[in-house]
Amino acid sequence: MENKRDWSVHPPYLHPGYKSTVLRAPSKPLIPIKHTLSERTGPVYGLDTIGALDNDLTKNGIKNGEPLGERIVVAGRVIDELGQPVRNTLVEIWQANAAGRYIHKVDQHAAPLDPNFLGGGRCLTDNEGYYKFYTIKPGAYPWGNHPNAWRPNHIHLSLFGNNISSRLVTQMYFPGDPLLQYDPIFLGVPPKGRELLISKFTLDLTEPSFALGYEFNIVLRGNNETPFENK
Amino acid sequence: MALQTPSQTVGPYFAYGLTAAQYGYDFDQIANDVLVGDDMPGDRIHIVGRVFDGENNLIPDAMIEVWQSDIKAFGRMGTGTDPKNRFHFETVKPQSLDGQAPHLAIIVLMRGLLVHAYSRIYFSDEAATNAQDVVLNSVPQERRHTLIAQRHQVNGHTEYHFDIYMQGELETVFFDV
Ligand SMILES: [Fe+2]
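Chains as they are written, first to last, in our numbering: chain G, 1 to 231; chain H, 1 to 177.
The hints are simulated quantities; they were obtained by calculation from the structure and are not laboratory data. By construction, the Cβ of each residue, glycine as well, lies at the ideal position given by its N, Cα and C atoms. Be aware that a few hints might be false.
Stated by the list, open to error - Simulated restraints on C-beta separations: (1) H/Leu170 with G/Glu207: 47 to 55 Å; (2) G/Asn127 with H/His157: 22 to 30 Å; (3) H/Asp163 with G/Leu179: 24 to 32 Å; (4) G/Pro190 with H/Gln141: 30 to 38 Å; (5) H/Leu170 with G/Gly176: 44 to 52 Å; (6) G/Tyr130 with H/His157: 30 to 38 Å; (7) H/Asp26 with G/Tyr130: 39 to 47 Å; (8) G/Pro175 with H/Gln141: 16 to 24 Å.
To be verified - Some chain G residues well away from chain H (every beta-carbon gap over 12 Å; in silico): (9) Glu66; (10) Leu82; (11) Glu92; (12) Ala96; (13) Ala110; (14) Gly120; (15) Lys132; (16) Trp150; (17) Gly176; (18) Gln181; (19) Phe210; (20) Leu212.
Construct all of the structure, not just a fragment, from the sequences and the given hints.
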């Protein structure tokens, strides 16, 4: 069974409220493709890809002290559509610092950079599909989409899963963020899918006297079909 | 069945997370523009291209990924560092597998794409196998050319040109993978 992208939860290409989609969204219908070896395989990364501090953004950018802001744990489980764990798969993340500033050179937002915070990290899921990051809660930041536009606090994530068909790039949001209702990127997701992008605060992941815990589970497309089966 | 986690745009600031070394940030990256080591047997090729929006403006903040299944090689490059906003990949020419014409799978991500787009790169000097290819044949004839990289000899090496048009007359074929 070839699980397709579920367009009842994914955003459409063209979502005019998010202005950048207008000249960049493909305008012709997608052409269905029967999965071949190219779609049933994908890159596999092992522990040799992951540096010792790669999953700890509170440490991997340190130059001369601790990064500023609220320390958080972001952790969860990556599963497929049948609920099976997606094991040993790469999770990459990137985010703004506590003041809402990216170190990216084109980010001109007049908020301070943090010399001790990079904002990029990666890890592998374990044998049961679990992943975990330590980081700093990202700040909201303004953007030029419309007057007084602000992005809600968010962390960008990138995953591969078992093949390129399960590739997912997404953003994790925080519960109760009042900016969500105004954000055209979040609102590009059909109502049915929106809550899937909002992490849950939980004391179970909160580390006493250290960091608040947010749980974010991820469902990748697919059902762990045999990679080389020829249909 | 569990609902798929919805996609969101890669946004304008992916560079230091996903392509940090290419853009000069103090972090490494899992893949770059060179897919194979020097010892990989095969015909060494370069694939070079640009990405255009609906008004034919060059897109300087796209990220392109390629997957070559015959040798299990993956490449990733942003269009923000080349002076002409090109992406380029170096690999060996793909082999024909399970009756398909040689090709690479390609994933296109950028600010303004809420969902990444899938396409394929075929090769202009494979006319006979291209004509038999099941996927190419599922594409309306008048649009097939958008999937075929054109071969050139440049400074003694083989270079295939593959521009990506997000919209318009020349719009690249994107697949519902
Ligand atoms: Fe962002």
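Now the hints, each set against the structure:
{"no.": "1", "hint": "H/Leu170 with G/Glu207: 47 to 55 Å", "in the structure": "holds, 53 Å"}
{"no.": "2", "hint": "G/Asn127 with H/His157: 22 to 30 Å", "in the structure": "violated, 44 Å"}
{"no.": "3", "hint": "H/Asp163 with G/Leu179: 24 to 32 Å", "in the structure": "violated, 37 Å"}
{"no.": "4", "hint": "G/Pro190 with H/Gln141: 30 to 38 Å", "in the structure": "holds, 34 Å"}
{"no.": "5", "hint": "H/Leu170 with G/Gly176: 44 to 52 Å", "in the structure": "holds, 46 Å"}
{"no.": "6", "hint": "G/Tyr130 with H/His157: 30 to 38 Å", "in the structure": "violated, 45 Å"}
{"no.": "7", "hint": "H/Asp26 with G/Tyr130: 39 to 47 Å", "in the structure": "violated, 28 Å"}
{"no.": "8", "hint": "G/Pro175 with H/Gln141: 16 to 24 Å", "in the structure": "violated, 51 Å"}
{"no.": "9", "hint": "Glu66", "in the structure": "holds, 17 Å"}
{"no.": "10", "hint": "Leu82", "in the structure": "violated, 7 Å"}
{"no.": "11", "hint": "Glu92", "in the structure": "violated, 6 Å"}
{"no.": "12", "hint": "Ala96", "in the structure": "violated, 8 Å"}
{"no.": "13", "hint": "Ala110", "in the structure": "holds, 16 Å"}
{"no.": "14", "hint": "Gly120", "in the structure": "violated, 4 Å"}
{"no.": "15", "hint": "Lys132", "in the structure": "holds, 17 Å"}
{"no.": "16", "hint": "Trp150", "in the structure": "holds, 14 Å"}
{"no.": "17", "hint": "Gly176", "in the structure": "holds, 19 Å"}
{"no.": "18", "hint": "Gln181", "in the structure": "holds, 16 Å"}
{"no.": "19", "hint": "Phe210", "in the structure": "holds, 24 Å"}
{"no.": "20", "hint": "Leu212", "in the structure": "holds, 22 Å"}
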